[in-house]
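Work out the full structure, taking the sequences as your base and the hints as a guide.
The letter at position 288 of the sequence shown is residue 288 when you use the UniProt record's numbering, and the numbering goes up by one with no holes.
Treat the hints loosely; a few may be bogus.
Straight-line Cα separation of at most 30 Å, DSSO-like style, residue types lysine-lysine; simulated pairs [unchecked claim]: (1) K141 - K159; (2) K283 - K293; (3) K126 - K141; (4) K283 - K243.
Keep in mind the hints are simulated off the structure, nothing from the lab.
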Amino acid sequence: MFVFEAVDSGTLALLDVATKAELPFDEYVVVAGRVQSSRQLTCVGGRVKRDGKRRLLVVPLAQAQDADSAQTPSVQVLDVGEVAVNFLQGVRACFPTLVRKNPMAESMDDDSSDSEEEAEAHKKQKHEEDADSAANAQAAKEKQLQAEAAEYMSQTRVKVLATLDELFSAFQITDPTNVLMSLRNDPSVPKNCQLLCMDCPPLGTADDATHAAMPHVFSSATAPPEPLNFGVLFSEVATSKEKEQFLHIPVPRSPPLPAPAAQGEDYVQEGFQDATVLTFGAKREATAHGGGKTCEEMVKNIRMRHASGSFCTLVLPTKTWEQVADEHKPFLPQVSELHGELRLRRLMGNAPCGVPVELLLES
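Dropping the structure here:
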């Protein structure tokens with residue numbers, strides 16, 4: 001996924017996603033799995049940054065080569081907005097989370113009171129009143145944020161372009177000649193590809209300095225993260241190499257750039273990744289192609305590492321995949337075709353450019 005950002009002239013400039021600051025999302029989630037022998041179901045979404053910047057996200061996707069698949073479009077957009085986001089959140093709810101404790105919220109003993117019983121009763125009443133007031137305020141805030149997210153999602157526009165060349169007629173791109181050359185020289189871009197283009201309008205303003213991204217592993221009981229405000233669900237041609245089959249995971253990354261003059265021949269350009277990836281049927285292995293942990297493995301890992309204790313609380317999954325599938329089958333029948341173990345993997349840190357993120361499927 002290549003990231004274009006609007007500049008002062010109004011055109012869209014291709015970004016070098018070298019650090020977390022260049023990522024378009026505060027949080028980014030991908031769900032992927034094989035649904036047919038030649039198709040992959042992919043859902044991407046997250047929380048677009050509140051920085052007042054318009055962004056264009058471009059995902060190059062392989063085109064079908066055989067005659068049978070040619071009858072079906074290589075890329076089929078199934079939903080843009082709330083259905084996709086609800087699906088992402090449902091699958092994510094199949095895994096545990098950690099909630100940070102607020103030590104300041106702990107009640108303090110009032111030793112100066114002459115009557116411990118009266119003090120305790122007063123303290124309990126005040127605590128209940130404060131809790132009710134805070135809960136009402138939080139509920140109103142969450143309702144407002146949900147409405148804002150729904151409004152923002154309704155403004156997201158998605159286009160599927162038949163060729164790379166069409167990108168420059170569909171959008172005003174800064175320095176189109178160099179951008180075209182850069183994308184064509186990227187070894188991870190299929191020679192014959194379609195482009196899934198997601199046009200995200202500005203959200204907030206550049207002065208929204210009070211907005212801070214919440215960590216992915218933790219959430220806070222006093223300040224939960226904002227709802228997801230971006231989601232696109234689509235099916236694409238499956239990725240195969242000889243006898244092995246892979247899931248293609250679209251994550252924001254950098255285009256290939258000329259090596260700095262001071263660097264030697266061993267220089268490897270890197271981009272920054274920050275994504276939560278949930279996959280069906282990916283192999284469990286400690287490599288770049290591994291699918292991550294199952295829910296049970298994650299719960300065990302958290303407990304073994306004593307991550308749930310004085311400073312945080314382990315929150316067990318609130319849904320099972322069967323429940324999520326039943327909820328979405330009436331309007332997304334493709335989910336019933338997803339099979340294999342559901343695993344979660346975090347992609348975090350630097351990764352070489354020009355190398356697609358592909359997770360190996362169980363044979």
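Quick rundown of the hints versus the structure:
no.: 1; hint: K141 - K159; in the structure: violated (33 Å)
no.: 2; hint: K283 - K293; in the structure: holds (10 Å)
no.: 3; hint: K126 - K141; in the structure: holds (22 Å)
no.: 4; hint: K283 - K243; in the structure: holds (15 Å)
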